[in-house]
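Colleague: Below are the chains, spelled out letter by letter.
Number of protein chains: 2
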Amino acid sequence: MLVKKKAGCLLAGMMLFPMISYASEPVEPIKPVTNVNLDEVELGKKLYFDPRLSKSGFISCNSCHNLSMGGTDNLKTSIGHNWQQGPINSPTVLNSSLNLAQFWDGRAADLKEQAGGPIANPKEMAFTHMLAVDVLKSIPEYASEFKRVFGSDQIDIDNVTQAIAEFEKTLVTPNSRFDQWLLGDQQAITSYEHEGYQIFKTSGCVACHNGEALGGNSFQKMGLVQPYKTSNSAEGLAGVTGKDADRFKFKVPTLRNVELTYPYFHDGEAETLQEAVDLMAKLQLGRTFSTDENAKVVAFLRTLTGDQPSFVLPQLPPSTSKTPRPEPFDN
Amino acid sequence: MLVKKKAGCLLAGMMLFPMISYASEPVEPIKPVTNVNLDEVELGKKLYFDPRLSKSGFISCNSCHNLSMGGTDNLKTSIGHNWQQGPINSPTVLNSSLNLAQFWDGRAADLKEQAGGPIANPKEMAFTHMLAVDVLKSIPEYASEFKRVFGSDQIDIDNVTQAIAEFEKTLVTPNSRFDQWLLGDQQAITSYEHEGYQIFKTSGCVACHNGEALGGNSFQKMGLVQPYKTSNSAEGLAGVTGKDADRFKFKVPTLRNVELTYPYFHDGEAETLQEAVDLMAKLQLGRTFSTDENAKVVAFLRTLTGDQPSFVLPQLPPSTSKTPRPEPFDN
Numbered sequence: 001m002l003v004k005k006k007a008g009c010l011l012a013g014m015m016l017f018p019m020i021s022y023a024s025e026p027v028e029p030i031k032p033v034t035n036v037n038l039d040e041v042e043l044g045k046k047l048y049f050d051p052r053l054s055k056s057g058f059i060s061c062n063s064c065h066n067l068s069m070g071g072t073d074n075l076k077t078s079i080g081h082n083w084q085q086g087p088i089n090s091p092t093v094l095n096s097s098l099n100l101a102q103f104w105d106g107r108a109a110d111l112k113e114q115a116g117g118p119i120a121n122p123k124e125m126a127f128t129h130m131l132a133v134d135v136l137k138s139i140p141e142y143a144s145e146f147k148r149v150f151g152s153d154q155i156d157i158d159n160v161t162q163a164i165a166e167f168e169k170t171l172v173t174p175n176s177r178f179d180q181w182l183l184g185d186q187q188a189i190t191s192y193e194h195e196g197y198q199i200f201k202t203s204g205c206v207a208c209h210n211g212e213a214l215g216g217n218s219f220q221k222m223g224l225v226q227p228y229k230t231s232n233s234a235e236g237l238a239g240v241t242g243k244d245a246d247r248f249k250f251k252v253p254t255l256r257n258v259e260l261t262y263p264y265f266h267d268g269e270a271e272t273l274q275e276a277v278d279l280m281a282k283l284q285l286g287r288t289f290s291t292d293e294n295a296k297v298v299a300f301l302r303t304l305t306g307d308q309p310s311f312v313l314p315q316l317p318p319s320t321s322k323t324p325r326p327e328p329f330d331n
Numbered sequence: 001m002l003v004k005k006k007a008g009c010l011l012a013g014m015m016l017f018p019m020i021s022y023a024s025e026p027v028e029p030i031k032p033v034t035n036v037n038l039d040e041v042e043l044g045k046k047l048y049f050d051p052r053l054s055k056s057g058f059i060s061c062n063s064c065h066n067l068s069m070g071g072t073d074n075l076k077t078s079i080g081h082n083w084q085q086g087p088i089n090s091p092t093v094l095n096s097s098l099n100l101a102q103f104w105d106g107r108a109a110d111l112k113e114q115a116g117g118p119i120a121n122p123k124e125m126a127f128t129h130m131l132a133v134d135v136l137k138s139i140p141e142y143a144s145e146f147k148r149v150f151g152s153d154q155i156d157i158d159n160v161t162q163a164i165a166e167f168e169k170t171l172v173t174p175n176s177r178f179d180q181w182l183l184g185d186q187q188a189i190t191s192y193e194h195e196g197y198q199i200f201k202t203s204g205c206v207a208c209h210n211g212e213a214l215g216g217n218s219f220q221k222m223g224l225v226q227p228y229k230t231s232n233s234a235e236g237l238a239g240v241t242g243k244d245a246d247r248f249k250f251k252v253p254t255l256r257n258v259e260l261t262y263p264y265f266h267d268g269e270a271e272t273l274q275e276a277v278d279l280m281a282k283l284q285l286g287r288t289f290s291t292d293e294n295a296k297v298v299a300f301l302r303t304l305t306g307d308q309p310s311f312v313l314p315q316l317p318p319s320t321s322k323t324p325r326p327e328p329f330d331n
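Read top to bottom, the protein sequences are chains A and B. Under the UniProt record's numbering, the first residue of the first sequence is numbered 1, with each subsequent residue one higher. Under the UniProt record's numbering, the first residue of the second sequence is numbered 1, with each subsequent residue one higher.
Bound conformation, chain A alone:
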């Protein structure tokens, strides 16, 4: 069992090896969050946990991007309003601020645009932006907090999604053992895990899974060398660009905290890391990892779990007699 170095030692390490140990690596350490509006973050945290942004009053952002479970629901595809089966695996919200775009097909430019999607999606939260805003307006504590945060009596979906996105920016996970290694702590990962990293680099995984998030920064075809067989009907980027060449191109998912974000792929069909690594090697790289290689890569991937978001469960202000009531059932 490796013991994490204390922050003081880490800082000392950083000063001794400034940008040396990882300057030549294709992966960069996650940077702790800075430069967020803390008032927006606190408001956004409440909204993230508030199921009153859904028609049923039962589904919140945290239902499918559960911050107790790596920012996912750990289901193949999600459960939406009226127990509808979602079309695609819910990607993790952790480190999602590092993505070049949001959703598997990149149809939202940023976190703010993304946040509005599920609220109004009839298969997810099944509400409308106007009704969600009406709920918030009817709750005096929200009204006063919006006013304090945004300096206006107006509450609109723009402010709502701005606050949620600002909270989501704080959901980065620095300080993984691998990042400690990148920052110069040679003992932070084992030689076995290091061998896994070498295989990860030399076999080509790193071609797509690179940068701060080990992914999230490009779209790639699922099934590059061998076609991927799936019953999932998602077509990926082509649905956004209309280009046939973009069929089955999906945003490369981050590998940060990947041991927590199972099951894998846009269809959630790979249940374990072992299975996901095996299939990725075949489909994308045209190679077959030996059992030993696979195990080493998986061991490396498990070093990518960083500090999970840590905050006090938010308390939500109560509805009033003016608050539109949730409608969970059609009867």
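In short, the hints are calculated from the structure, not lab data. Where a beta carbon is used, it is the ideal one built from N, C-alpha and C, also for glycine. Careful: at least some of the hints might be erroneous.
Capping the alpha-carbon separation at 30 Å, the derived lysine-lysine pairs in DSS-like fashion look like this [claimed, not checked]:
no.: 1; chain 1: A; residue 1: 46; chain 2: A; residue 2: 112
no.: 2; chain 1: A; residue 1: 201; chain 2: B; residue 2: 322
no.: 3; chain 1: B; residue 1: 221; chain 2: B; residue 2: 243
no.: 4; chain 1: B; residue 1: 46; chain 2: A; residue 2: 46
no.: 5; chain 1: B; residue 1: 169; chain 2: B; residue 2: 201
no.: 6; chain 1: B; residue 1: 282; chain 2: A; residue 2: 322
no.: 7; chain 1: A; residue 1: 322; chain 2: B; residue 2: 201
no.: 8; chain 1: B; residue 1: 31; chain 2: A; residue 2: 46
no.: 9; chain 1: B; residue 1: 123; chain 2: B; residue 2: 169
no.: 10; chain 1: A; residue 1: 229; chain 2: B; residue 2: 322
no.: 11; chain 1: B; residue 1: 201; chain 2: B; residue 2: 221
no.: 12; chain 1: A; residue 1: 322; chain 2: B; residue 2: 229
Not the full set, but computed from the structure, chain A residues with beta-carbon under 7 Å of chain B [as the list claims (entries may be wrong)]:
no.: 13; residue: 49
no.: 14; residue: 57
no.: 15; residue: 79
no.: 16; residue: 82
no.: 17; residue: 83
no.: 18; residue: 312
no.: 19; residue: 313
no.: 20; residue: 314
no.: 21; residue: 315
no.: 22; residue: 316
no.: 23; residue: 328
no.: 24; residue: 329
Position chain B relative to chain A; hints supplied.
Modeller: Here is chain B on its own, set in the frame of chain A:
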């Protein structure tokens, strides 16, 4: 706006007026929790938030007893597995350790017995105790935590519900403004709120809503003076005792944090406190409150909101390749 006294002042107040100010009152202050097993509490907190105790992997204790929302789901009746409509309003988990029994009909003797109910209820979490235990056994971090907490390699539903119940014992809400008043702080409630308390006492509400939790300590017939009209088919205590005299007898709900625990009654039909107070006066006391009386009683009830549970959102240990996977959909 009233400012809460600091703990130091409160303690001083308690010493100056030991048991004097509320000795003659039918309501007692909520006592802060003591005498819990903190290791069990920490384990139970994880289990409380873990949706893997449900068949779908989507529903946890916190889904219907949401600790961001007064320990309830704020729905008339809850949403269960496959979006089934629950038969009855989910009572708050806050201060539930003070109840003489659990569930509206008292069919569980205590919190531990209660905790096993929803897990195996096909309309709620739709799992079995054996499958839930299998899930936990397959997760090494849980296995080692159970061993550390209970000193045995065995994980069983007895330990699971013991830990959940121990966590729930911590969910008391001391320090409401009304309790500050009971403890001698004359300024903690307004004279208007105090008038509401007097009406509450003199009109007979306090006959059932008394003690530390203002309820939870007896079963009473819903519709004592006037019959209650509802389409809800729950029969209350009679379902437990088999006695016809117990039909429509329900456990008197606590009024602690009642401004957060809407909607009201076992069928959730009263949306607002105003409506609930009006109907209770008519049905149980045979009287009609004036608008002024109603408003004062409601103002008093709003002084019963105590300190909400405050803790860091727990992180759940990840499943492994051996963990049985959730089955949210039948296909």
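Colleague: Determine for every hint whether it applies to the structure shown.
Modeller: Against the structure, the hints come out as follows:
no.: 1; hint: A/46 to A/112; result: holds, 16 Å
no.: 2; hint: A/201 to B/322; result: holds, 29 Å
no.: 3; hint: B/221 to B/243; result: holds, 13 Å
no.: 4; hint: B/46 to A/46; result: holds, 21 Å
no.: 5; hint: B/169 to B/201; result: holds, 28 Å
no.: 6; hint: B/282 to A/322; result: holds, 24 Å
no.: 7; hint: A/322 to B/201; result: holds, 29 Å
no.: 8; hint: B/31 to A/46; result: holds, 28 Å
no.: 9; hint: B/123 to B/169; result: holds, 26 Å
no.: 10; hint: A/229 to B/322; result: holds, 25 Å
no.: 11; hint: B/201 to B/221; result: holds, 19 Å
no.: 12; hint: A/322 to B/229; result: holds, 25 Å
no.: 13; hint: 49; result: holds, 5 Å
no.: 14; hint: 57; result: holds, 6 Å
no.: 15; hint: 79; result: holds, 5 Å
no.: 16; hint: 82; result: holds, 5 Å
no.: 17; hint: 83; result: holds, 4 Å
no.: 18; hint: 312; result: holds, 6 Å
no.: 19; hint: 313; result: holds, 5 Å
no.: 20; hint: 314; result: holds, 6 Å
no.: 21; hint: 315; result: holds, 5 Å
no.: 22; hint: 316; result: holds, 5 Å
no.: 23; hint: 328; result: holds, 5 Å
no.: 24; hint: 329; result: holds, 5 Å
Hint violations for this structure: none, all hints satisfied.
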